[in-house]
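Trainee: Below are the chains, spelled out letter by letter.
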Amino acid sequence: MHELSIAQILVEQVVAAARKAGATRVIQVSVALGNLGTVNPDALAAAFPIAAEHTFIAGTTLSIRRVPVRCDCKACGMTTEPEFPFQTCGACGSGNVTVLNGHELLLEAIELDVPVN
Amino acid sequence: MCTTCGCGKTGSKHLHAHEHVHDHPHSHAHDADAVHPHVHPEANLSILKLEQNLLADNDLHADENRRTAAKHGLTVLNLISAPGSGKTYLLERTLERLNGKVSCAVITGDLETDRDARRLADKGAWVHQIQTHQACHLSADQVGALLPAIIAHGARLLFVENVGNLVCPAAFDLGEHFKVALLSVTEGEDKPLKYPGLFSLAPVAILTKIDLLPHLAFDMQQARDSMRRIHPGIFIFELSAQTGEGMDAWIDYLATLTA
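Taken in sequence, the protein lines are chains A and B. Following the working numbering, the residues of the first sequence are numbered contiguously, the last one being 117. Following the working numbering, the residues of the second sequence are numbered contiguously, the last one being 1259.
Note that these hints are calculated values from the structure, not bench results. Note that the Cβ used here is the ideal one computed from N, Cα and C, for glycine as well. Among the hints, a few may not be true.
Pair by pair, the computed Cβ-Cβ distance ranges are [as the list claims (entries may be wrong)]: (1) B:Asp-1225 / A:Ala-75: 39 to 49 Å; (2) B:Asn-1099 / A:Cys-92: 42 to 52 Å; (3) B:Gly-1073 / A:Ile-64: 35 to 45 Å; (4) B:Arg-1119 / A:Ala-21: 35 to 45 Å; (5) A:Ile-50 / B:Gly-1244: 27 to 37 Å.
Could you put the whole structure together from the sequences, leaning on the hints where they help?
Mentor: Put into structure tokens, the structure is as follows:
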């Protein structure tokens, strides 16, 4: 439900970054969503074109990369990707872990058309 | 080396070979006598790496709220659950028990009506209703705007009763010290597995309405196990605000937070 507000923020950040880079056009926007996050990729994909409408990035492609949960285990020392949605060690099952990935909500990159001169 | 793509070239703008196919023409409108500055239209494309948090603006507000609250000895809890899990009822009973002992404030969020603020009035706490209309969550700037009044009231404990929703409010840091996830036993023990986002973020969970357990097939152990696998170390309260069962531990805990 909150994906439209996330999409609006995404469009604002892309427009700002593209303008700063002197881009005339944005071809693709790449986003990373952690699996433990609360943003639904389908809803974000549906909301993005609506948020981008009437801006100079209208028509831009959105690419969404899902990031699995990854934990460092303090008990056995292994780094594993536990079964979703758990934050326990995938090797020994210990809960004594540091969560490295899974909560991402990142604008990773944008592909731009920048005039050479 | 190019910091954008690691290709070994220098300078902020340079050419990259493209592996993807475009389904649109690389043409643009210009005066008939304009000269193209480049030979191959695709040659202008570049990738700009950003790696920026989409909620950076909200998170900045949230950090500011946390600093302000800490400076004034105010502890902030962000209560999140589905609608109807008993947030307001628990707060009513909680405020009654803390009245005269701990100075409390409540920000309560709903799409419409000020019913919750009226229910929570006259219990010794500073209470403010936010009506979000369409929005499915509260945001940090809304809380930040109310902090001066809460601090002026002398509150030590602020409950933010978020909009009833098990998903969206979890994404927005309000500057709370921590989130509290509520799950009523009538919702079913499978909800933490179905809606893991909130439970992975909340260090404290409350199983509410346990007085109804004799009428339900709710598997308490499964609920606890799921929450602890999603969030190892999560602290779980089990209570009924209706009968008062389990309330002492919750009230003692809140008193300890503000001691």
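Trainee: For each hint, tell me whether it holds in the structure or not.
Mentor: Evaluation of the provided hints:
At roughly 18 Å, the beta-carbon separation of Asp-1225 (chain B) and Ala-75 (chain A) lies outside the given 39 to 49 Å, and the hint is violated. A hinted range of 42 to 52 Å holds for the C-beta pair Asn-1099 (chain B) and Cys-92 (chain A), which are about 48 Å apart. Judged by the Cβ atoms, the range 35 to 45 Å given for Gly-1073 (chain B) and Ile-64 (chain A) holds: they are separated by roughly 42 Å. For the pair Arg-1119 (chain B) and Ala-21 (chain A), the beta carbons lie near 52 Å from each other, so the given range of 35 to 45 Å is not met.
Judged by the Cβ atoms, the range 27 to 37 Å given for Ile-50 (chain A) and Gly-1244 (chain B) is violated: they are separated by roughly 48 Å.
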